[in-house]
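Protein chains: 2
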Amino acid sequence: MKWWGWGAEDVAFSHEGKPELAPFIQRVLELDVRRPGIAAMRFSDLDVPATQLPGELRARLADAVGAEHVSTRDHDRVVHGRGKSLTDLVRQRRGDLGRLPDVVVRPGAEGQVVGIVQAALDHDAVVIPFGAGSSISGSLEPDAGEPRPVISVDMSRMRRVLSIDATSQLARVEAGVFGPDLERQLGAEGWTCGHFPDSFTYSTLGGWIATRSSGMQSDRYGDIAELTRGLRVVTPSGILHVRPIPSTSTGPSVREMVLGSEGRLGVITEATIHVRRVPPERKILGYLFPSWLSGLAAMRDIAASEASPSVTRVSDAAETAFSFAMREAPALLDRAKSKALQTFLRRRDWDLEAMCLALIGYEGTRAHVAEQRKLTERIVKRHGGLGIGASPGRLYDQKKFDTPYIRDFLLDRGAPGDVSETAAPWSRLPTLYETVMAAGHGAFEQLGVPGYLMCHLSHSYHAGACLYFTFALNPPDDHDGLEDYGVVKRAIQQAFVDNGATLSHHHGVGVEHARWLAEDISAPGVELLRALFEGADPGGNLNPGKIVARDSSAGSGNAGRVTAASESHA
Amino acid sequence: MKWWGWGAEDVAFSHEGKPELAPFIQRVLELDVRRPGIAAMRFSDLDVPATQLPGELRARLADAVGAEHVSTRDHDRVVHGRGKSLTDLVRQRRGDLGRLPDVVVRPGAEGQVVGIVQAALDHDAVVIPFGAGSSISGSLEPDAGEPRPVISVDMSRMRRVLSIDATSQLARVEAGVFGPDLERQLGAEGWTCGHFPDSFTYSTLGGWIATRSSGMQSDRYGDIAELTRGLRVVTPSGILHVRPIPSTSTGPSVREMVLGSEGRLGVITEATIHVRRVPPERKILGYLFPSWLSGLAAMRDIAASEASPSVTRVSDAAETAFSFAMREAPALLDRAKSKALQTFLRRRDWDLEAMCLALIGYEGTRAHVAEQRKLTERIVKRHGGLGIGASPGRLYDQKKFDTPYIRDFLLDRGAPGDVSETAAPWSRLPTLYETVMAAGHGAFEQLGVPGYLMCHLSHSYHAGACLYFTFALNPPDDHDGLEDYGVVKRAIQQAFVDNGATLSHHHGVGVEHARWLAEDISAPGVELLRALFEGADPGGNLNPGKIVARDSSAGSGNAGRVTAASESHA
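The listed protein sequences correspond, in order, to chains A and B.
First residue of the first sequence: 757, per this note's numbering; consecutive thereafter.
First residue of the second sequence: 757, per this note's numbering; consecutive thereafter.
In case anyone wonders, no lab produced these hints; they're calculated from the structure.
Please read all numbers here as calculations on a predicted model, not as lab measurements.
Quick reminder that beta carbons are idealized off the backbone N, C-alpha and C, glycines included.
Any given hint might turn out to be false.
Distance ranges between label pairs, derived from CB positions [said to hold, decoys possible]: (1) Pro1186/A <-> Val1034/B: 23 to 31 Å; (2) Val1034/A <-> Val1034/B: 31 to 39 Å; (3) Pro1036/B <-> Arg1306/A: 51 to 59 Å; (4) Leu1049/A <-> Gly867/B: 34 to 42 Å; (5) Asp803/B <-> Gly867/A: 53 to 61 Å; (6) Pro1186/A <-> Ala823/B: 44 to 52 Å.
Quick list of in silico lysine-lysine cross-link-like pairs, DSSO-like style, CA-CA up to 30 Å [claimed, not checked]: (7) Lys1130/A <-> Lys1137/B; (8) Lys1093/B <-> Lys774/B; (9) Lys774/B <-> Lys1155/B; (10) Lys1130/B <-> Lys1039/A.
Covered by chain A, according to a simulated footprint, are these stretches of chain B (three or more residues, beta-carbon under 8 Å) [said to hold, decoys possible]: (11) 1004-1010; (12) 1284-1291.
With the hints as extra help, turn the sequences into a complete structure.
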């Protein structure tokens, strides 16, 4: 895994073979991507602070997992020191490594995790669970001033599908399994979990659960919160065991306390998850809408209808233009078809600059797919949408996990970029979108830098949907890119919570989103989280400072007083 | 409302007009229900302990809600002192009233609830929220030895639908609204919430949320946990406001902490809930299966299929026999049809004693209903099931909210009975059923009393379903009916948790189910709940002792030690 970027060392994005991309980026970011990128610093040039692991603790950890699975090597500690947020990557590239973990341990079984946590409690050390390291919310980095030893618990050896209950459509799985490995093991028996986040190739079941992840086919399969029924978690008071009950009335849901807990309650070792038979047919089809609002309205009507597609996604005009710019050099025939389509649309008075690309997926038996498609396309048509066949969906399906590599490609060329996603009720989405776009563009303007901001709707629910924004900017050499990035990111996030939307739909809170938590879930909501974390982990040994900041003075002043301060009419 | 039984004073169940019922009860319980019942004690003969409400607190409450909404009247205090569990009703009938609340207050607005909670904190009083009083888990009764003043907060004046967001299919509703009133207000605008628990007529939105309720059409509409998106709760640290976000990644779900909290975190004043357009067509059809196992298997296959009915329910043979015994005197034609059906079934070698009645509901447009019915009936047929038309469903629809009255009818005649429901993965249901039946019948035998135990499956999910057991027993005069009842109830509940099933699917924990909590969610799970409750309410003023017992010594000994004691392989 790259210590300075996304994914495997030997994989990179390139604009080559995509003839429209370089001109597109030149136009929107004033950036010439044909110039070679700046290589990251060499690892050997990094100044890696020495581990402060006490010998006694090392011995305890070696006892627990075996000495060969206890590593204080520099590369391990650097790779495990952070996730992959833009902020993380820029600092890594600058050689600013932060407070590295003192040791990386790799347990192979639940009992070994018990040993690690027990050793950490006995030696007052900090435990930070690590899946595949793709957090973009700062959930993996130790507090800068952490004086105690820090243990990164890399779960990747615990990767087995333990059993499949075919009758109940449930699989018991170890939490450290990576996405592709999980699907390979399940697929060998004819099953799928159906959870495909963009980070799929570099994320784990435990990580999905710890961040309340959502996959691109969530319309059909549900978010990870729905997919996860049973859990085993090593906590300071023993092994928390949530049975795989379909629905229960046992007080506030302990299952839901583990979901999104980002390591603050313990180490997730195992989950029992929904599985389904691999569907006989699977289609993702492309559609064009004359405008963003018509696309939004169609997605809403589909969610309120009796149709049940597996994917609903529509890009705004800016993202549509980007998608088209990403096309590989088309065959002559395709080019001709594309021309014919453009002519057809112009004749129907479409504004080609405003047009929006949508992807809708269908899964199941052939009859079901045909029926869902019929029901859905009736709604698409009512909103002026037009089917354009399977090729956009096919391209999406092939490239869907490549997006994070593009970020590195731009960063190599000095242009930081990232994503911010949210969710809100359907009625708020048009205003939310306008406000976020205005906030982002306002930030570009305030900074005086070229920037691009685009959006898609994905993950439809009964009452609302996720809006997923992607942005990039090209700061001049005399700007601090990280600071400029921060201005844009904060403007977007603030627009979310100011408009009744959530700070994150599926990326978690970590430290990067923590400042908006009270504006989202209200101050008393933060107090409930604090009560839970502090009560469950009185020593603050479990990934402290994440989600709710360590300093508890802000909240405790309220105790015993019903304040109206938190009242909000959003 | 009856102080000694279910529902309105002027409504009662009767066996009259149901010619088969009295003989059926005679046969299974050796009870002659044609004899008149024993009337409950007269209210005026009760020994109602005087209120201990301090004058200063009364003044504060009167300031908050107006003096006319502060009641210390005996009848109010008795009605609000408990719910409607069998244990509650027997003790009420005996004049054993328990620790009554000192005062019943009826706020009319959220600000008034703030005033009540603040007054309670300032005077170290206990607050117990009260919806319609139909809890059957002991969630409403003050601790027997509670030395502090106890305030029952009756939410029934807060009953308005505040607004409907048609685009998002969301309604903001005050938490004190009763089921029928909610549906009437929504129905006037063409909407429905679709939540119909058996207690519908005497339960409130806030009560559903506080107990994680489930309605009979949950297959289509979802449990209350799914239906509830936004929340407002008066807590000691202010007004907790959960925005109606369709899905979010803001740490452990605060929304899910309020669901099932039974008053331990505060007073729920408002919720934003899913609503749907009243469907153009709605059908509940009857089916017969040759055996319980074939019925179970059909329900599982329906849940795993592409069909999406709104109701799936199948009774075991015992409940089927009871349903048939409940029929009103049939018209000649119906009697002839029934004979013809029996002859038909016998010819096909059906064992009429083993046969099981199922109800399957369909809702939506005419085309959707027809399509779902076609898909579902294909599965029914594969399992040997047989459609018997609309009349069983019609009868069920008319009588579905009457069940609690039957319990009073039997209790009037000395026969205690109640319900216990659970949920588990599909693969466990056959064994679970057998074990629970054996446990119940074993208890009847051990006591030497006639008893009846019956079951239906309802609420199907991807990975499992709810089994709902109903039982009654007829202890001789020299037995304590409550003790005998307890033996049976405990045997059933213990069989649940011993077989990987939950202690309750939708009735909550209260105090009556609290003893099984650690066996269900594991000891560390109980510790998480304790951390939440104690942190959010350090003074223990909010419905103390419910879900997790007050004495915290059991748990805190574990702190700082990872014990393996809680490990369970169920």
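Hint by hint, here is what the structure shows:
A C-beta distance of roughly 27 Å is found between Pro1186/A and Val1034/B, which places it inside the suggested range of 23 to 31 Å. Range check, Val1034/A to Val1034/B: Cβ separation about 37 Å, and the 31 to 39 Å hint holds. Between Pro1036/B and Arg1306/A the beta carbon distance is about 56 Å. The supplied range of 51 to 59 Å therefore holds. Between Leu1049/A and Gly867/B the CB atoms are about 39 Å apart, so this pair conforms to the stated range of 34 to 42 Å.
Distance hint for Asp803/B and Gly867/A: a CB-CB separation of about 59 Å, consistent with the stated range 53 to 61 Å. Taken as a hint, the range 44 to 52 Å holds for the pair Pro1186/A and Ala823/B, whose Cβ atoms sit roughly 48 Å apart. Taking the CA atoms of Lys1130/A and Lys1137/B, the gap is about 27 Å. The hint holds against a cut of 30 Å. For the suggested pair Lys1093/B and Lys774/B, the alpha carbons sit about 18 Å apart, so the restraint of at most 30 Å is met.
Proximity of Lys774/B to Lys1155/B is assessed by CA-CA distance (about 13 Å); at most 30 Å being required, the pair is judged to hold. Between Lys1130/B and Lys1039/A, the direct Cα distance comes to roughly 24 Å. Compliance with the 30 Å bound is thereby established for this hinted pair. By the rule of at least three residues with a Cβ nearer than 8 Å to a Cβ of chain A, the coverage given for the segment 1004-1010 of chain B holds, with 7 such residues. Chain A is given as covering the segment 1284-1291 of chain B, and this holds because 7 residues of the stretch bring a CB closer than 8 Å to a CB of that chain, at least three being needed.
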